[in-house]
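In my numbering, each number is its position in the sequence shown, counted from 1, plus 44.
Hints are supplied without guarantee of correctness; some may be wrong.
FRET-style restraints, in silico, Cβ to Cβ [what the hints assert, rightly or not]:
(1) Leu190 x Ile223: 13 to 23 Å
(2) Tyr183 x Met77: 29 to 39 Å
(3) Gly292 x Val245: 29 to 39 Å
(4) Thr201 x Val287: 11 to 21 Å
(5) Asp97 x Leu190: 31 to 41 Å
Note that these hints are calculated values from the structure, not bench results. Every residue gets a Cβ at the ideal spot worked out from N, C-alpha and C, and that includes glycine.
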Amino acid sequence: MAANFPPAQAKSSLTEALDLIGSTTINGILCGMAFALYCLCAWSLYPQLRVPDQRKQAALTLIYTSLVILCELAIVALTTSVIRLVYIDHDPGGLLNHEKVVPGGQRIAFFSTSSVALDFLTFGVQMQRLWVIWVATQYATIVILLPFLLYISFIDTILTIWPHYPDILSLKSGTALTIATLGVESAFTLLVTGLVITRLVIVRRRHMSTGLGSSMTREYVCIAAMLIESYALESAWSFIAMVLYAVGSPWSVLFIQCDDSIKVIAYLLVVYRVSKGRAWNNQTENQLSDLRWNHGTQTATVETMA
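Hey, can you work out the whole structure from these sequences and the hints?
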């Protein structure tokens, strides 16, 4: 016969179970996927290191990507260490007992530093990709302004709150501050996703309406490309995490624990497209326009000959 727990105790037990599973099993699987993607990116970038014209850009991308994956590995390792402290060394009592026994410990400090660094790196790349996709238009400066302000706001919020973690969780305003942080993060990623998809949909309609439909056009504006280029995975994940946390659902713990791994996977998917030459760049719009112009010229020539 199953034991009957009071609702509050049952919710607490579910939260701890999801925290344990998310921090270890699921986070470990996602980290393994991220590392596999990193190896694919490094393998794709390595030949470019031998090409003089591509060497500098490939080296910078590889170094930047290595910093991202190092932050992710550090976060997973530190999370596992903290989980051991919470559920083994200080059990029973769990997370709250751990916060009382080890306030502001070195593991928490290193975890906070790695998490802030990862946010700074991945969100910075999203800003750069948004600029690359919109730079050929006259609206580029206007489009980039609001995401840039949200980016600065998010980094400022993180730098203000994170040094006081986990003490901040014991404050009455801790929940509100956490929701605010998740809200700014979700707003940033959703805005970037929306702006990137808007731009790619406009380009897709413009070129598909001509009947061009070349393989190159599909490569840049197909559904999969738009979802990857727009960081749709990260946007959806952070939005769900914010909503679940705001309504007090225990499942928010699972999404928050895996949030960093999702960021890295979304970032590496873009890097892989860049390393393969399939990602949008400063010349993509001109290349697609040339294809469209050539298609129109060939059509006119055929009609004239007929």
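Evaluation of the provided hints:
1. Take Leu190 and Ile223: their Cβ atoms lie about 21 Å apart, and the range 13 to 23 Å holds.
2. A hinted range of 29 to 39 Å holds for the C-beta pair Tyr183 and Met77, which are about 36 Å apart.
3. For the pair Gly292 and Val245, the supplied restraint of 29 to 39 Å holds, since their beta-carbon distance comes to about 36 Å.
4. For Thr201 and Val287, the Cβ-Cβ distance of about 19 Å falls inside the hinted range of 11 to 21 Å, so the restraint holds.
5. Distance hint check: the CB atoms of Asp97 and Leu190 are about 35 Å apart, consistent with the given range 31 to 41 Å.
Hint check: no violations occur; every hint is consistent with the structure.
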